[in-house]
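Q: Use the sequences and the hints to build the structure in full.
One-letter residues, chain by chain:
There are 4 protein chains.
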Amino acid sequence: MFVEKIQPRLSETNLAGHIGYVVLPAWFEQANEKIYRLFIPELGKKKWSLIVVKFELECLAEIFHDNKVTIETRVQKIGNSSFTISQALRKDGKTAARARTKMVYFDYQKKKSQVIPKALRQLLVEHI
Amino acid sequence: MFVEKIQPRLSETNLAGHIGYVVLPAWFEQANEKIYRLFIPELGKKKWSLIVVKFELECLAEIFHDNKVTIETRVQKIGNSSFTISQALRKDGKTAARARTKMVYFDYQKKKSQVIPKALRQLLVEHI
Amino acid sequence: MFVEKIQPRLSETNLAGHIGYVVLPAWFEQANEKIYRLFIPELGKKKWSLIVVKFELECLAEIFHDNKVTIETRVQKIGNSSFTISQALRKDGKTAARARTKMVYFDYQKKKSQVIPKALRQLLVEHI
Amino acid sequence: MFVEKIQPRLSETNLAGHIGYVVLPAWFEQANEKIYRLFIPELGKKKWSLIVVKFELECLAEIFHDNKVTIETRVQKIGNSSFTISQALRKDGKTAARARTKMVYFDYQKKKSQVIPKALRQLLVEHI
Chain A
33 MFVEKIQPRL SETNLAGHIG YVVLPAWFEQ ANEKIYRLFI PELGKKKWSL IVVKFELECL
93 AEIFHDNKVT IETRVQKIGN SSFTISQALR KDGKTAARAR TKMVYFDYQK KKSQVIPKAL
153 RQLLVEHI
Chain R
33 MFVEKIQPRL SETNLAGHIG YVVLPAWFEQ ANEKIYRLFI PELGKKKWSL IVVKFELECL
93 AEIFHDNKVT IETRVQKIGN SSFTISQALR KDGKTAARAR TKMVYFDYQK KKSQVIPKAL
153 RQLLVEHI
Chain C
33 MFVEKIQPRL SETNLAGHIG YVVLPAWFEQ ANEKIYRLFI PELGKKKWSL IVVKFELECL
93 AEIFHDNKVT IETRVQKIGN SSFTISQALR KDGKTAARAR TKMVYFDYQK KKSQVIPKAL
153 RQLLVEHI
Chain Y
33 MFVEKIQPRL SETNLAGHIG YVVLPAWFEQ ANEKIYRLFI PELGKKKWSL IVVKFELECL
93 AEIFHDNKVT IETRVQKIGN SSFTISQALR KDGKTAARAR TKMVYFDYQK KKSQVIPKAL
153 RQLLVEHI
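Protein chains in written order, with the numbering used here: chain A, 33 to 160; chain R, 33 to 160; chain C, 33 to 160; chain Y, 33 to 160.
Honestly, the hints are just simulated from the structure, not real lab data. Zero decoy hints are in this set.
Identical copies look the same in the list; a pair holds intra-copy or inter-copy alike.
Below are the PhoX-like pairs computed for lysine-lysine, each with C-alpha atoms no more than 20 Å apart in a straight line:
| hint | residue 1 | residue 2 |
| --- | --- | --- |
| 1 | Lys66 | Lys79 |
| 2 | Lys126 | Lys143 |
| 3 | Lys109 | Lys134 |
| 4 | Lys79 | Lys144 |
| 5 | Lys143 | Lys86 |
| 6 | Lys100 | Lys37 |
| 7 | Lys126 | Lys86 |
A: Next up, the structure:
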């Protein structure tokens, strides 16, 4: 399990006075960074090899700009060429949102999915 | 059914050369505007009365900055105090993403859900 | 002069009930697209060759989510390896914001500025 | 002087492989929070009373997702109903961007500027 602190931004508070749900995927993605790095050690410098095919978000409590936010990230399931990440967002200790992200190991050149190699699968298994 | 044209922004293209999935919720929310207005005719001026409790996103094809994007929005299901919106994002005519959003009719003063009044329910039914 | 229609997003309305100034640079960048394309015809597919070194924004009137927004874009000044773009944002016909962006023709490989070639300079001159 | 740590988000890296300038205003605004709180102690709960009329940004070096970023914030000038904030963004210790923001003390009800009261002015002076 990875734990990532998130910094809610002032500009992320919307009309209703709270952080809107449209902001949360970027937070959950930020918390996914260490998973991404298993696949792409030099994130931002090398070619990308993951693609998100499904993202599910459950909002359990309002989040405000001054809440202390952390996200816990686990690998939930590993398939042949895909895997699912399960995440919980805690505000001030309490679960305020949950997300599930299904990612496919993707060859951007050939524009198709590829089998996750054994070594990478092993790295994922450690974070189940 | 409502159809909304979306303008992909140059700044929404990420490292991988396409529009990242974290951008899409804001697009789907934009397309929800006409649904929101059934509840809040003077959007932005009156108090907010809806809250998103669930958001599911399926990505079927890469979206690029210069794609022509439209979103089709339908009401899918109406509960007692909640309803579900179903949306399809078309790029150049083809479905590239789908979203489902469950919204609760919410009293921000009392911080609890409220029953959808009959008149509002009737307006929602017209968009099933 | 280029004129670009901008679609304010519901999610871009902030706590104060209007579109915050932090949103505007993405709008002005969107309107710069046709200038960018003079340098990079296949935007998003080829290497990037421009870098913003200065951005000045003046906010003259509040902008709301349901305003009709267009941005007028002109080249203002052309230097040796840089040029300045001047833009006016109109809401419902009236100027609500102005921006000035100084861009440098940049070699991302060598990480240094490069002289704007004569052919490109000629294209810029047409939009002064 | 206030110093604020900023967390660059994975989703803020653009096509060119760095953090685009359109992202920076939200970072500088985040660093302005403590200034805002002098005016609006319960940020997000009470009515807003500041408006940005000018924002100037200078980009001195590329910023990448994995840079350590801090922003130093000072009050630079105090006028009758406005004041100017000066900020420096450091990445890994080195100045990578500078911003200047002119804010007006604003009455959103009457839609006009108001004189900064003596007590508030005194608070600002402490951060020059």
